[in-house]
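Number of protein chains: 2
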Amino acid sequence: MSKVNLLERRNFIKGMGAAAGAAGMAMAAPAMAVSQSANGVKWDKEVEIAIIGSGFAGLAAGIESMRLGAKDVHIFEKMSYFGGNSAINGGLFAAPGTPMQKKEGVNDSVERMVQDQLKAGRGIADEALLRHVAEHAVEALQMTFDAGSEYHPYLQQLGGHSVARTYQTTVSCGAGITQPLLKECRKLGVQTHNRAKFEGFLVNDEGKVEGFKIRQGYYFGEEDTGKLMHIKAKRGVLMATGGFAQNVNLRMAQDPTLTAEVGCTNAPGATGEGMYEMFRLGAIPVHLAHIQSGPWASPDEGGFGYVSNYSIYNFPHSMAVNCLTGERFMNEIADRKTRADAELACRDKQGNPLPPILITSYKDSKKHPNTKKVIKYNVGWKFDSVEELAKHFNVPLKPLKAQIKEYNQYVKSGNDAQFGKNMTKAKGKYIEAPFTVVRLWPKVHYCQGGVQVNTKAEVKDSFTGKPIAGLYAAGEVCGGVHGVSRLGSCSIPECMVMGMTAARTMMKA
Amino acid sequence: MSKVNLLERRNFIKGMGAAAGAAGMAMAAPAMAVSQSANGVKWDKEVEIAIIGSGFAGLAAGIESMRLGAKDVHIFEKMSYFGGNSAINGGLFAAPGTPMQKKEGVNDSVERMVQDQLKAGRGIADEALLRHVAEHAVEALQMTFDAGSEYHPYLQQLGGHSVARTYQTTVSCGAGITQPLLKECRKLGVQTHNRAKFEGFLVNDEGKVEGFKIRQGYYFGEEDTGKLMHIKAKRGVLMATGGFAQNVNLRMAQDPTLTAEVGCTNAPGATGEGMYEMFRLGAIPVHLAHIQSGPWASPDEGGFGYVSNYSIYNFPHSMAVNCLTGERFMNEIADRKTRADAELACRDKQGNPLPPILITSYKDSKKHPNTKKVIKYNVGWKFDSVEELAKHFNVPLKPLKAQIKEYNQYVKSGNDAQFGKNMTKAKGKYIEAPFTVVRLWPKVHYCQGGVQVNTKAEVKDSFTGKPIAGLYAAGEVCGGVHGVSRLGSCSIPECMVMGMTAARTMMKA
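First to last, the sequence lines map onto chains A and B.
Taken in order, the first sequence gives residues 2 to 510; the numbers are from the working numbering.
Taken in order, the second sequence gives residues 2 to 510; the numbers are from the working numbering.
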């Protein structure tokens, strides 16, 4: 993947040099840096607001800016399809003080959600940004209701959350949000352009981002395709370009173990060039070293697959077991980093990866729509007895039986003496045959790092500490919000709230 | 500090804009980015090799390039004095297979040193760079011998090292190395310029760094001082500009707890603008989130002070005690991060910081030259009895007495049942009255993050993955080498080896 990208980029750079030459502009580091002076640029198009990227952040910004009276808003997406990486995640949305929490009698608050996230952030999360997002999360959720998103009629309590506060789309997928938002954008008059690849900023003498270059009619992976256009953005450019989990070179720069062989849940477009272009403009790189792996993924299928949503739903009333020992090895609803680290430590006697298994009673697992699919596609298995299960995965039977007995005591007492798991959602759900079982192994899922922004979605300059004029960022392209470990279902509210925030800031600018 | 810097930078940017205007150049983001096109630049000076920064890396590069036949090598230092932050550190130099290890019968190897560092790096260190440095560390040490550096006649075993492999200058300070290296540089003909502040690169149409701007005659903290000069560097520009521990805004971007109130061991010039300028050129930011605090520092004095070297020397045969409990709370020679985290967790009942104490037998501590000084300057205290000691620090006497008794059992048995400390260097050194005691509290000490380099000291471009032509980097300005936690005494060999490496690469270029 990354080798292809590098080659593409070289072609792209070549193309850009030619265009710049034609415009007769001098550039700093022209063959490398992609941003150029806006002086003397012949604009192909002038828009009011330009949004680069069509995931949660970009779409929410589109809707909010139109609602605030914008007339001419454009979304540019490099892929042929809209929705970006947002369209293929789990569609999980955490918010405090929601209608469903009231219905289920869950006592939650902005402060509680912030505190849960600060804990997972291990001291280096951005408290102001977390609070800003939590305060506006219900508004963002409402935006999805209004657009027609549909959710399961129950809340989930995901790892690291102290209460149940997570909605999930009925399709168990982010597309259940991006599709309605895209429709709503178009209904409101937002103009959407696919195959439109961002190719660098155009900056005036005061350092303000006046516009940008885009390759219109671009085909992903063929860098010379499409036509280079110079687009002016009157109110500003919002970078909602996502993370870099699919850029193997850049993720290996932070963690040499994240080679091309390591699975990744992200869409192929998550290659990070928007983020790196902002660093070239002076944005502050924050927490790039913190790349999150999803502990709910399966080694038996590609990408996010069917197992991820299956196990996210089932973790609270399931038992994760090390196949070498037959024993539990983690709190099944600890935060993502804690669980991913624990899974990666599951090894055979030679030190090779030995994916642990997640054991659930079939009667409890079958409430989730993916249960049929994981069994159908052979990435999950149903067993009628513990003997059959142990044989299949070569787990020592005696300790496994003892572990099941012990775990069921915790279900009964509501007190997990082994790992301190919150057993509320496990109440009455004993581990009993028949069982459904999947294997677990972390996949690269989310980049906690990115550019530093403030609560107005402005991008700070590393030398002045002030916002870079004309530039805004929202979503995974931003860094530092969550610290060391982001909690599950906290990305969608962040993306949408910060997208809405960027729209509000631009409409005041 | 940081507010002052921001203001300075604005003035500086203003000054630069004027200069660029005079030269009639168009720039990308001219008011923000500092690098400019080299097209049409009237060069004030042309040199063979330019080295920015006069710490370990810059000085080693100066010497090595002259030895390899360079004729015209220049070192530019923004401060009025030479040596940078290197001049005020502990002067601790780790290397495997040294003359003193042979004398003391220490069994060490390149591989062993690499493995110790990989462990502290917690999986994300750059093994190739660590091995490159370890392989050439003895050469670098020899360069300091040749230049006239003098070392204590014993080795130390620092935290996280599995054997004693650390030399320390007789002055217990980095100046014991920078001063001789500076003298050697000048003897060989390297031209050294102080009050010469780097102000951005000058880059040609192919993206090659042709030269740079410097403010000659600059006074630190007065940004309009001095004269702007354009300097061409035929073989290349080596950035040896150090870390950003003194730039409060930039360190808080990574860790919001590292406010201006948190102590810092670094020289005031460690503000990181060289590093951030390279990011603007396209260098890959690596591990900026990993900022190391020194667990050997004292809250009772500013900066590195007297206590740091005192405690580094004494940790192996001392006992660190939590003043609230009277008990030990860490392995006194664990790696820096492990110890700093443990110290930061020492709190009073209200959760306020309660610095722990390091208790050493006076008879053992007095071998270190700083012992007299810490007592003289009231940052360390001598007590004739445990009762006196406990009263002074308000430590509960009974558990403290029990802890001393228990610890002395470990000294006897050679086996620390509490924290698994390697007791080799504690042999025969029982904790007995009279005692010397200092207080401990971590101070910001070292930035593990920086630009990504390869084993040729070339700086990788984030888009192409290839080296940025004409640009080299060495020392703390580079990132990712050590991973999560750098071991003590491993920075000097890294700085010097990578400086020498850069010289070798440039002389071949």
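It should be emphasised that the hints constitute simulated quantities derived from the structure, not laboratory data.
Mixed in with the good hints, there may be bad ones.
[Said to hold, decoys possible] Between beta-carbon pairs, the in silico distance windows are:
hint, chain 1, residue 1, chain 2, residue 2, range
1, B, Asn-416, A, Lys-467, 32 to 40 Å
2, B, Leu-398, A, Lys-104, 40 to 48 Å
3, A, Asn-353, B, His-393, 51 to 59 Å
4, B, Asn-353, A, Thr-456, 52 to 60 Å
5, A, Pro-269, B, Glu-128, 38 to 46 Å
6, B, Glu-128, A, Asp-342, 14 to 22 Å
7, B, Asn-416, A, Asn-455, 31 to 39 Å
8, B, Lys-184, A, Asn-353, 31 to 39 Å
9, A, Asn-353, B, Lys-402, 48 to 56 Å
10, A, Lys-368, B, Leu-325, 27 to 35 Å
11, B, His-393, A, Pro-100, 54 to 62 Å
[What the hints assert, rightly or not] Straight-line C-alpha distance at most 27 Å; calculated DSS-like pairs for lysine-lysine:
hint, chain 1, residue 1, chain 2, residue 2
12, A, Lys-413, A, Lys-350
13, B, Lys-430, B, Lys-188
14, B, Lys-509, A, Lys-350
15, A, Lys-374, A, Lys-235
16, B, Lys-350, B, Lys-373
17, A, Lys-120, A, Lys-392
18, B, Lys-72, B, Lys-103
19, B, Lys-120, A, Lys-120
20, A, Lys-120, B, Lys-350
21, B, Lys-120, A, Lys-209
We put the CB at the ideal spot given by N, CA and C, even for glycine.
Results for each hint:
Take Asn-416 of chain B and Lys-467 of chain A: their Cβ atoms lie about 57 Å apart, and the range 32 to 40 Å is violated. Between Leu-398 of chain B and Lys-104 of chain A the beta carbon distance is about 58 Å. The supplied range of 40 to 48 Å is therefore violated. Between Asn-353 of chain A and His-393 of chain B the beta carbon distance is about 55 Å. The supplied range of 51 to 59 Å therefore holds. Restraint check, Asn-353 of chain B to Thr-456 of chain A: a C-beta distance of roughly 29 Å breaks the suggested window 52 to 60 Å.
Separated by about 29 Å at the C-beta atoms, Pro-269 of chain A and Glu-128 of chain B break the suggested range of 38 to 46 Å. As the Cβ distance of Glu-128 of chain B to Asp-342 of chain A is approximately 20 Å, the hint placing it in 14 to 22 Å holds. One distance hint, 31 to 39 Å for the beta-carbon pair Asn-416 of chain B and Asn-455 of chain A, is violated here, with the actual separation near 53 Å. Between Lys-184 of chain B and Asn-353 of chain A the beta carbons are some 54 Å apart, a value that contradicts the proposed interval 31 to 39 Å.
Separation of Asn-353 of chain A from Lys-402 of chain B is about 50 Å and conforms to the stated range, judged on CB atoms against 48 to 56 Å. Between Lys-368 of chain A and Leu-325 of chain B the C-beta distance comes to about 49 Å, which lies outside the given range of 27 to 35 Å. Between His-393 of chain B and Pro-100 of chain A, the C-beta spacing of about 60 Å keeps the proposed range 54 to 62 Å intact. This hinted pair does not check out: Lys-413 of chain A and Lys-350 of chain A have alpha carbons roughly 34 Å apart, beyond 27 Å.
Proposed proximity of Lys-430 of chain B and Lys-188 of chain B is contradicted: the alpha carbons are some 46 Å apart, above 27 Å. Our distance criterion of 27 Å between C-alpha atoms is broken by Lys-509 of chain B and Lys-350 of chain A, whose separation comes to about 48 Å. Between Lys-374 of chain A and Lys-235 of chain A the alpha-carbon distance is near 48 Å, which puts this suggested pair outside the 27 Å criterion. A C-alpha spacing of about 34 Å is found between Lys-350 of chain B and Lys-373 of chain B, which places the hinted pair above 27 Å, so the restraint is violated.
Distance restraint check for Lys-120 of chain A and Lys-392 of chain A: the Cα-Cα separation of roughly 39 Å exceeds the 27 Å cut-off, and the hinted pair is therefore not satisfied. Note on Lys-72 of chain B and Lys-103 of chain B: the hinted pairing is violated, with a Cα-Cα distance of about 38 Å set against a maximum of 27 Å. As the CA atoms of Lys-120 of chain B and Lys-120 of chain A are separated by approximately 25 Å, the hinted pair is consistent with the 27 Å bound. Only pairs whose Cα atoms come within 27 Å are accepted, and Lys-120 of chain A paired with Lys-350 of chain B is accepted, the gap being roughly 20 Å.
Of the supplied pair hints, the one linking Lys-120 of chain B and Lys-209 of chain A is violated, its CA atoms being roughly 45 Å apart against a limit of 27 Å.
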